[in-house]
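Asker: Fit chain L to the given chain D structure using the hints.
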Amino acid sequence: MPLRVPPRDPRTQSQGVEPGYAQTARRWPSQPLQRRPHTVSELSGPSSVLRRLAPVRGDLAGHGAKRAIGQLIHLRTRVVDEDGAPLPGAVVEIWHCNAAGKYIHPNDTHDAPEDPNFYGAARMVAGDGGLVELRTIKPGAYPVPGTGGWWRPPHVHFSVWGRVWLSRLVTQMFFPGEPLNEADAILNAIRDPEARERCIARFVPSENDLIYEYQLVVRGRKSTPGMP
Amino acid sequence: MKRLVPTAEMTLGPFFPREFAQGANDLTRVEGRQARGEAIEITGRVTQADGKPLDNVVLEIWQADAEGRYDNADFFGWGRAATDAEGVYRFRSVRPGAPAGRAPHVNFLILYSGLMRQLQTVMFFDASPDPVLDAVKPSTLRERLVAKRQNNNTYTFDIRLRGEGETPFFDD
Chain D
1 MPLRVPPRDP
11 RTQSQGVEPG
21 YAQTARRWPS
31 QPLQRRPHTV
41 SELSGPSSVL
51 RRLAPVRGDL
61 AGHGAKRAIG
71 QLIHLRTRVV
81 DEDGAPLPGA
91 VVEIWHCNAA
101 GKYIHPNDTH
111 DAPEDPNFYG
121 AARMVAGDGG
131 LVELRTIKPG
141 AYPVPGTGGW
151 WRPPHVHFSV
161 WGRVWLSRLV
171 TQMFFPGEPL
181 NEADAILNAI
191 RDPEARERCI
201 ARFVPSENDL
211 IYEYQLVVRG
221 RKSTPGMP
Chain L
1001 MKRLVPTAEM
1011 TLGPFFPREF
1021 AQGANDLTRV
1031 EGRQARGEAI
1041 EITGRVTQAD
1051 GKPLDNVVLE
1061 IWQADAEGRY
1071 DNADFFGWGR
1081 AATDAEGVYR
1091 FRSVRPGAPA
1101 GRAPHVNFLI
1111 LYSGLMRQLQ
1121 TVMFFDASPD
1131 PVLDAVKPST
1141 LRERLVAKRQ
1151 NNNTYTFDIR
1161 LRGEGETPFF
1171 DD
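Heads up: the protein sequence lines correspond to chains D and L, in order.
Heads up: the first sequence begins at 1 in our numbering, then just goes up one per residue.
Heads up: the second sequence begins at 1001 in our numbering, then just goes up one per residue.
Chain D on its own, in the form it takes in the complex (with noise of 0.2 angstroms):
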């Protein structure tokens, strides 16, 4: 059956301009945005941009003397489309700030310290039933300079390749409990509350790890419309 990629529902995803966030009203498009018939273009993708892109990492805590500095988590995430048939093979990647709330990146003008043992980006391949474990130490808050006290709240960079050009996904992970959601201008900008809680990760008890289970769900289906 050939893949469907339904229209995207608004209030689930962000309408672009938003209050809080000022760099939007400088970069969103004014005009509203076209619509087009989903062609052979739209509806293929690349098999796999590890044809272009090469694998990176798959442990940003590090071990033995390299450990990276922080609160050591593992972050299992599952891709499916919009069945939730699980896509394993798809690629992600995965960046996030330390654990001072400061990312490697020369952009970055926060005054908190850099940890040595810590890069912080990974791209990995879905394994069976679309997951991809990612070992990593819970990122730290940070200001975003010139807001008068937007802190951002710990959060995890995803950039995933679905089925085809239309599904792909750039989204941010949240953690759960943390004050600072409350008032985050990106994640408040998901008006539907549901859509909103599905971007905080959902916290699984256990003896000897702090585990954080994530889905992110990209856009296409098979199903019929109407079926059971």
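Because the hints were derived from the structure by calculation, they are not lab data.
A virtual CB, placed ideally from N, CA and C, is assigned to each residue, including glycine.
Just to be clear, a hint being listed does not mean it is correct.
Looking from chain D toward chain L, a few residues come up when the C-beta cut is under 8 angstroms (computed) [to be verified]: (1) Glu18; (2) Thr24; (3) Arg26; (4) Trp28; (5) Gln31; (6) Ser41; (7) Glu42; (8) Gly45; (9) Leu53; (10) Tyr103; (11) Trp165; (12) Thr171; (13) Asn188; (14) Ile190; (15) Ser206.
No farther apart than 20 angstroms at their CA atoms in a straight line, the calculated lysine to aspartate or glutamate pairs in the DMTMM-like style are these [to be verified]: (16) Lys1052(L) / Glu1086(L); (17) Lys1148(L) / Asp1172(L); (18) Lys1002(L) / Asp83(D); (19) Lys222(D) / Asp1172(L); (20) Lys1002(L) / Glu197(D); (21) Lys1002(L) / Asp9(D); (22) Lys1002(L) / Asp192(D); (23) Lys1148(L) / Asp1171(L); (24) Lys138(D) / Glu114(D); (25) Lys1002(L) / Glu194(D).
Answerer: This is chain L only, laid out in the frame that chain D set:
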């Protein structure tokens, strides 16, 4: 089957790892082999509402090979580039052929700090009939999706995110 709602998209942010943004903008080669077809360069400047060029914008493209076929053993039509301090991006590629029912074109996806969702647009080589180009309304905007050919097989495709001369973008 119960339908799951696609995850909410959020901005790439200002700190996309530099090493992720580099080294994937040459579509003329895949797995050490040279792609067949007419080598071209696609370049342009990305600007925001006040006309300021934007640094570190991530652009991804998806196109067919010279015969109009997508992903195959001899060609990989996906690439990624990032803009420099002058807002300029650059891809090397081959001029795509016409896929079934379409005029030759290159799909663009734009990711950036301040863009809460990916922006999608399409570059065409001329204004030939095409179901996606012809869907752009009003029709006077269509010329903004046609690249300008310079000498040496270089095509210029500037992207204005917002404001005067704003590029038409697609919602799907």
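Asker: Can you give the numbers of the hints that this structure goes against, from lowest to highest?
Answerer: 13, 15, 17 and 23
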